[in-house]
Amino acid sequence: MSTDIAHATEHDETHDEDHWSDLNYIKLALALAVITGIEVAISYMVDDLGAFFLPLLLGLMLIKFFSVVLFFMHLKFDNRLFSLMFYLGLGLAVAVYTAALFTFKFFSP
Amino acid sequence: MADTAVHDAVGEHDGSDHDDHGHHTTTGLSNNKLAMWLFLGSECLLFGGLISTYMLYRGRHSANGGPDQFWDIPFTSASSFVLLMSSLTMVLAVTAAKRKDDRNTNLWLTVTAVLGSLFVAGQVYEFTTFYREGLGYTTSLFSSSFYTLTGFHGVHVSVGVIMLLATVGMILKNRVPGDKAEVVELVGLYWHFVDIVWILIFTLVYLIPA
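Protein chains in written order, with numbering that gives the first Met the number 0: chain X, 0 to 108; chain V, 0 to 209.
FYI, nobody ran anything at the bench for these hints, they're computed from the structure. You may find that some hints are simply not true.
Dumping the calculated DMTMM-like pairs for lysine to aspartate or glutamate here, alpha-carbon to alpha-carbon at most 25 Å [stated by the list, open to error]:
| hint | chain 1 | residue 1 | chain 2 | residue 2 |
| --- | --- | --- | --- | --- |
| 1 | X | Lys75 | V | Glu42 |
| 2 | X | Lys104 | V | Asp101 |
| 3 | V | Lys99 | X | Asp21 |
| 4 | V | Lys172 | V | Asp67 |
| 5 | V | Lys97 | X | Asp21 |
| 6 | V | Lys179 | V | Asp100 |
| 7 | V | Lys179 | V | Asp101 |
| 8 | V | Lys179 | X | Asp21 |
| 9 | X | Lys26 | V | Asp67 |
| 10 | X | Lys75 | X | Asp21 |
| 11 | X | Lys26 | V | Glu42 |
Computed from a predicted structure; not experimentally measured.
Hey, can you work out the whole structure from these sequences and the hints?
Quick look at the structure:
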């Protein structure tokens with residue numbers, strides 16, 4: 000039963016990926032370029048955006064980061080073991096260095 | 000394990016992603032690809048350390064020697080755009096390799112290498128300009144951490160360019176070990192990783208004011 004589900008999921012993922020033609024990749028790259036432009040524009044609006052400045056920039060950065068990881072690097076369509084390898088390293092890095100930055104009072108006002 | 004290596008080397012699959020399940024390995028996946036993802040996961044720790052160090056030291060400089068005095072955002076934005084577009088050309092090379100279209104694979108790999116070289120050239124120009132303006136490697140903790148972080152990234156891009164050109168050479172001479180599409184995909188994974196690291200550096204180092 001579980002094997003059937005796994006095969007069904009695999010089939011769906013294959014189907015999804017088959018739809019990712021070169022045109023889709025070009026569209027995604029253009030979207031990422033537009034986001035980069037928005038990021039640059041935001042960087043000149045520190046005073047205007049106030050408290051929204053940092054979350055906006057970080058949010059756009061994460062959208063770009065995960066778009067490349069999920070679609071250009073195919074992690075969305077690939078076996079989950081590959082995701083595990085990458086996200087373990089990424090998660091460990093985020094945890095260790097966030098702790099280190101807290102230790103050095105980086106986030107203190 | 001030796002059997003696995005032999006099977007991988009002779010490339011007993013037709014090159015699509017879903018043939019990962021067709022590998023004669025314990026996991027049924029390509030060991031090479033698994034190793035590449037593990038390597039990229041470990042690289043997160045390297046760049047995480049460098050980015051954190053920069054974040055800690057970015058305020059440690061003299062009154063007129065901080066980031067705001069040196070950064071040229073329009074120029075760095077253009078460099079970022081070039082690297083972002085190289086990710087597109089890389090993914091086009093991977094799809095061409097999966098179609099077994101050697102001509103377009105080589106074309107897109109070469110374009111990617113050219114864009115990567117352009118990015119490195121931009122970085123060399125940027126470093127030279129900063130140095131002439133008085134920002135040396137040992138000028139301050141800020142400058143040391145900045146040059147170390149962006150320098151390490153630049154070296155990664157340079158290594159990526161070498162990998163791309165080596166792959167083009169191997170395809171032209173028909174000397175690709177194992178499955179051609181998988182080799183191009185592995186080089187692509189490394190290249191995209193270099194791009195995602197720059198996505199972080201561009202925002203955290205250049206766009207967010209110290």
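Hint-by-hint comparison with the structure:
| no. | hint | verdict |
| --- | --- | --- |
| 1 | Lys75(X) to Glu42(V) | holds, 20 Å |
| 2 | Lys104(X) to Asp101(V) | violated, 53 Å |
| 3 | Lys99(V) to Asp21(X) | holds, 15 Å |
| 4 | Lys172(V) to Asp67(V) | violated, 49 Å |
| 5 | Lys97(V) to Asp21(X) | holds, 12 Å |
| 6 | Lys179(V) to Asp100(V) | holds, 11 Å |
| 7 | Lys179(V) to Asp101(V) | holds, 9 Å |
| 8 | Lys179(V) to Asp21(X) | holds, 19 Å |
| 9 | Lys26(X) to Asp67(V) | violated, 34 Å |
| 10 | Lys75(X) to Asp21(X) | holds, 17 Å |
| 11 | Lys26(X) to Glu42(V) | violated, 29 Å |
Hints 2, 4, 9, 11 from the earlier list are contradicted by this structure; the remaining hints agree with it.
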